[in-house]
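For the sequence shown, our numbering assigns the number 55 to the initial residue and increments by one for each residue that follows.
Simulated from the structure, these hints should not be mistaken for laboratory data.
Predicted model only: the values in this text are computed from it and were never measured.
Each hint can be trusted.
Derived DSBU-like pairs: lysine-lysine, alpha-carbon spacing no greater than 30 Å straight-line:
#1 K165 / K69
#2 K69 / K119
#3 K119 / K196
#4 K69 / K196
#5 K166 / K69
Pairwise CB distance ranges (calculated):
#6 G92 / R167: 17 to 25 Å
#7 Q74 / E173: 31 to 39 Å
#8 P156 / Q97: 21 to 29 Å
#9 D195 / A95: 27 to 35 Å
#10 E173 / Q112: 33 to 41 Å
#11 E108 / W158: 32 to 40 Å
#12 C75 / E135: 21 to 29 Å
#13 K196 / G118: 16 to 24 Å
#14 R199 / T120: 18 to 26 Å
C-beta atoms are modelled at their ideal positions from N, C-alpha and C, and glycine is treated no differently.
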Amino acid sequence: MLIGLPGSGKSTLAKQLVAQCPQVQLISTDAIRGQLFGSEAIQGSWLLIWREVERQFQQAISTGKTAIFDATNAQRRNRREVITLARNLGFSHITGIWLNVPVWLCLARNKKRSRQVPEEIILRMHRQLRDAPPSLEEGLDKLIRFL
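Using the sequences and the hints, build the whole thing.
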């Protein structure tokens with residue numbers, strides 16, 4: 055499970071991991087939005103997105119693949135939901151990779167993107183992660199923190 059602000063490098067890291075380990079299945083909420091709504095920028099119905107996340111997790115476990123879940127996962131409640139889903143489907147080891155990149159750097163990277171996330175959303179997510187940072191108590195087996 056990747057955790058971090060928009061612009062922290064989650065998707066870049068995920069793509070590098072998949073390139074090095076082809077047996078890994080990437081589950082990306084941005085890619086799912088693109089599939090369902092025609093654009094990664096369209097937030098759309100979270101229920102539809104979540105159903106597709108569930109389907110892709112199920113597909114990964116049924117084919118014996120490791121899954122990488124690429125989403126901001128800024129809220130503790132959302133992280134716990136993903137961890138519970140993964141455990142219920144049969145994933146036995148869940149690692150959180152927290153890209154704890156300074157908010158100013160994420161904001162600067164965001165300005166260079168073609169698809170920008172509104173600054174106030176990045177700042178809100180920053181507060182969420184600051185106030186409820188990822189921890190093993192959420193159900194993770196391991197937490198790797200990149201600074």
